[in-house]
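2 protein chains.
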Amino acid sequence: MTRLRVYDDTKALFHLPDGLIYLDGNSLGALPLGVAERVNRVITEEWGNELIRAWNTAGWYVQPRHVGDRIARLIGAEAGSVMVGDTLSLKVYQALAAALDMTPSRKIVLSDTGNFPTDLYMAEGLIATLGRGHQLRLVAPEEIEGALSDEIAVLYITEVDYRTGRRHDMAKLTARAHALGIVTLWDLAHSAGALPVDLAGSGADFAAGCTYKYLNAGPGAPAFLYVAPRHADSARAALSGWMGHAKPFAFELAYAAAGGVERMRVGTPPVLAMAALEASLDIWDKVDIAEVRARSLALGDLLISEVERHCPQLKLVTPRDHERRGSQVSFAFDGGYAAMQALIARGVIGDFRAPDIMRFGLTPLYVGENEIIRAAEIIEEVISGEVWRRPEYQVVNAVT
Amino acid sequence: MTRLRVYDDTKALFHLPDGLIYLDGNSLGALPLGVAERVNRVITEEWGNELIRAWNTAGWYVQPRHVGDRIARLIGAEAGSVMVGDTLSLKVYQALAAALDMTPSRKIVLSDTGNFPTDLYMAEGLIATLGRGHQLRLVAPEEIEGALSDEIAVLYITEVDYRTGRRHDMAKLTARAHALGIVTLWDLAHSAGALPVDLAGSGADFAAGCTYKYLNAGPGAPAFLYVAPRHADSARAALSGWMGHAKPFAFELAYAAAGGVERMRVGTPPVLAMAALEASLDIWDKVDIAEVRARSLALGDLLISEVERHCPQLKLVTPRDHERRGSQVSFAFDGGYAAMQALIARGVIGDFRAPDIMRFGLTPLYVGENEIIRAAEIIEEVISGEVWRRPEYQVVNAVT
Numbered sequence: 001m002t003r004l005r006v007y008d009d010t011k012a013l014f015h016l017p018d019g020l021i022y023l024d025g026n027s028l029g030a031l032p033l034g035v036a037e038r039v040n041r042v043i044t045e046e047w048g049n050e051l052i053r054a055w056n057t058a059g060w061y062v063q064p065r066h067v068g069d070r071i072a073r074l075i076g077a078e079a080g081s082v083m084v085g086d087t088l089s090l091k092v093y094q095a096l097a098a099a100l101d102m103t104p105s106r107k108i109v110l111s112d113t114g115n116f117p118t119d120l121y122m123a124e125g126l127i128a129t130l131g132r133g134h135q136l137r138l139v140a141p142e143e144i145e146g147a148l149s150d151e152i153a154v155l156y157i158t159e160v161d162y163r164t165g166r167r168h169d170m171a172k173l174t175a176r177a178h179a180l181g182i183v184t185l186w187d188l189a190h191s192a193g194a195l196p197v198d199l200a201g202s203g204a205d206f207a208a209g210c211t212y213k214y215l216n217a218g219p220g221a222p223a224f225l226y227v228a229p230r231h232a233d234s235a236r237a238a239l240s241g242w243m244g245h246a247k248p249f250a251f252e253l254a255y256a257a258a259g260g261v262e263r264m265r266v267g268t269p270p271v272l273a274m275a276a277l278e279a280s281l282d283i284w285d286k287v288d289i290a291e292v293r294a295r296s297l298a299l300g301d302l303l304i305s306e307v308e309r310h311c312p313q314l315k316l317v318t319p320r321d322h323e324r325r326g327s328q329v330s331f332a333f334d335g336g337y338a339a340m341q342a343l344i345a346r347g348v349i350g351d352f353r354a355p356d357i358m359r360f361g362l363t364p365l366y367v368g369e370n371e372i373i374r375a376a377e378i379i380e381e382v383i384s385g386e387v388w389r390r391p392e393y394q395v396v397n398a399v400t
Numbered sequence: 401m402t403r404l405r406v407y408d409d410t411k412a413l414f415h416l417p418d419g420l421i422y423l424d425g426n427s428l429g430a431l432p433l434g435v436a437e438r439v440n441r442v443i444t445e446e447w448g449n450e451l452i453r454a455w456n457t458a459g460w461y462v463q464p465r466h467v468g469d470r471i472a473r474l475i476g477a478e479a480g481s482v483m484v485g486d487t488l489s490l491k492v493y494q495a496l497a498a499a500l501d502m503t504p505s506r507k508i509v510l511s512d513t514g515n516f517p518t519d520l521y522m523a524e525g526l527i528a529t530l531g532r533g534h535q536l537r538l539v540a541p542e543e544i545e546g547a548l549s550d551e552i553a554v555l556y557i558t559e560v561d562y563r564t565g566r567r568h569d570m571a572k573l574t575a576r577a578h579a580l581g582i583v584t585l586w587d588l589a590h591s592a593g594a595l596p597v598d599l600a601g602s603g604a605d606f607a608a609g610c611t612y613k614y615l616n617a618g619p620g621a622p623a624f625l626y627v628a629p630r631h632a633d634s635a636r637a638a639l640s641g642w643m644g645h646a647k648p649f650a651f652e653l654a655y656a657a658a659g660g661v662e663r664m665r666v667g668t669p670p671v672l673a674m675a676a677l678e679a680s681l682d683i684w685d686k687v688d689i690a691e692v693r694a695r696s697l698a699l700g701d702l703l704i705s706e707v708e709r710h711c712p713q714l715k716l717v718t719p720r721d722h723e724r725r726g727s728q729v730s731f732a733f734d735g736g737y738a739a740m741q742a743l744i745a746r747g748v749i750g751d752f753r754a755p756d757i758m759r760f761g762l763t764p765l766y767v768g769e770n771e772i773i774r775a776a777e778i779i780e781e782v783i784s785g786e787v788w789r790r791p792e793y794q795v796v797n798a799v800t
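Chain order of the listed sequences is Z and W. According to the working numbering, the first sequence is numbered sequentially starting from 1. According to the working numbering, the second sequence is numbered sequentially starting from 401.
The following block holds chain Z by itself, in its conformation from the complex (with noise of 0.2 Å):
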């Protein structure tokens, strides 16, 4: 196979409007090129010709463990270690109620303040249907490692904060973590595709992560979940759905799990935001996650000398040390919701996260210095020339 090198041959396999400097890839990654064809070909010729014989002629039925074989390259992670499906919610979800379980004598779930809230309100939920006294814990970021003890059930955390960028050190953190008997979950949103991950080096338990972000899946791509071999035949499948029975095409009345991560599949697969996420990794079969991470450090340190030479009204949040910081550059600024629509206006896209954060995502696969330097420039105008101020900018959208 053909390496690619990050951007200088991958930046042409994506589609991006032109004058469009793209930086919310950590949201929603552009276009891969090969997508519509690929979507439009299982469209086509499998579901439409094919019919229900595609679920054996098309591989459609074993599709969520083979993509998962291709994620799992990208997170450090085992050969059959990692499924794709449903979404992330779901899958920190079926996670979670797994390492409780393997830890009843304890009801501490411990997580931070930096956790993207949908993990902690799945949680939540789950605690609630557990009904069986367990507590979420919640310190700041910086207080995680202080904060692990022998009462804590699992450590349950997202590597890269979503609002800083922060990255917490997984392998030291899941060392300690062991040792005081915790099991691990860790969300990999801002992790998979961002930088390099090593799941199976670090020792983690379990780990989830979503599609369309960094790996350019599309919009309510599948999220995927690694289940560390040693635990996959014995974690208990909560949400046990008929796809991740034994012998699904039995139609037994009684539920027996699947052997290893195979029983974290629920419902029927999502077919063609499947073949979507194929065409994306086609890409990313052929580029060195390592090039990707040191490409994606050079434009973040770019960014904030730009940012931080022309407009001091904005406030860094990221780490400037590249140890502790994912693939995305945020500033804290009062006006920060309105200044992010005065540069979308301005084709410089990143993003507004509550109260006052602007977040500026790395993606190096299509976004270069070249483009840094210019947003760079609009964002000055922006700040420096109060424009952010004009009340067009002040109009709150549904989602942001």
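Just so you know, these hints were derived from the structure itself, not from any lab. Please read all numbers here as calculations on a predicted model, not as lab measurements. There may be inaccurate statements among the hints.
[What the hints assert, rightly or not] When the alpha-carbon atoms are kept at most 20 Å apart in a straight line, the in silico DMTMM-like pairs for lysine to aspartate or glutamate are as follows:
(1) W:Lys411 - W:Glu769
(2) Z:Lys172 - Z:Glu151
(3) W:Lys572 - W:Asp598
(4) Z:Lys11 - Z:Asp282
(5) W:Lys647 - Z:Asp356
(6) W:Lys572 - W:Asp550
(7) Z:Lys247 - Z:Asp233
(8) Z:Lys11 - W:Glu445
(9) W:Lys686 - W:Asp409
(10) Z:Lys247 - W:Asp756
(11) W:Lys572 - W:Glu545
(12) Z:Lys315 - Z:Asp301
(13) Z:Lys315 - Z:Asp356
(14) Z:Lys107 - Z:Glu151
(15) Z:Lys172 - Z:Glu143
(16) W:Lys411 - Z:Glu50
(17) W:Lys715 - W:Asp734
(18) W:Lys647 - Z:Glu124
(19) W:Lys411 - Z:Glu45
(20) Z:Lys11 - W:Glu450
(21) Z:Lys247 - W:Glu524
Following the hints, put chain W in place on chain Z, whose structure we already have.
Then chain W, alone, in the frame of chain Z:
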């Protein structure tokens, strides 16, 4: 809106391979011609050009409830009572969790052995997670009414049996259940788009269904969930994801359920699959489900009489009574698996369900009398000619 005549106007709106007689639309519906273009437009114009902005500009965020309203019309549901997303397995899990929360002093979930296995499996998983001594009680479908009592918490059944096509009386069973203080949860997998459903009129509490069968939305298309408006503001959302939060974009640390059925959203909606569903509903919006039903029953009567006349070896397991029949005709036959392989090899696609059921789905939007007559001839050739005994038809596929 111009009304479309069922079959006469609608058959041309589907792609079907030449010479194929497709009697498996109860498993995966045929491809509506409008799907490929619609999905392509969402990929290239909305995702490709609008990128993250499409959540607002293309209405992605509000789509699940808008599409829910289009489905509501087909199942007799109130506007604003149906939410689209996830899979049917997950939607029955959500509904069952909410239903059990409404009846805390009762511990029995009543279902029948004709319920689709994933419903039973998901209930098993939920009951284990709840850990409060609930029990899933299974009786034969014909014993359901007699098994209703004031110890039952939830009546949890599929209206139309996936194997036999036997239909429960939703209005009668719901009324009887309510008289005993039982909450009702109906699986409409083989009802939505197959026959008129009157959720509001029958007083059902919860219902869920899929869109890849009679609704023709494609493999892995999203499911829907109905919550009766009288419960929608109080039903507990056990799968409490951020999209069901009252203020999802406030990114608060604590969960607060949105009002109404909106709380039953979980994660990011599957936008590409939703586009296929919308294209499919463009046809459904213009047909009268009563006309679909009349045609379906006539096709079923025809298939039964033709097969019984020529193939006495096949034993009808579908009720002859129109009131008690869904939109499929099934026969028990010991060589059913092999016979179905032989039929498929001859271009008549039905399917097989263990242990011995040959199923033929009736989808009048694209199946008419001529197809049924020709299918019956080929069935006769395979059965009476003993073609099914050939060794090549004994090989079992991974997915049937």
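*Could you check the structure against the hints above and give me the numbers of any it violates, in ascending order?*
No numbers; nothing is violated.
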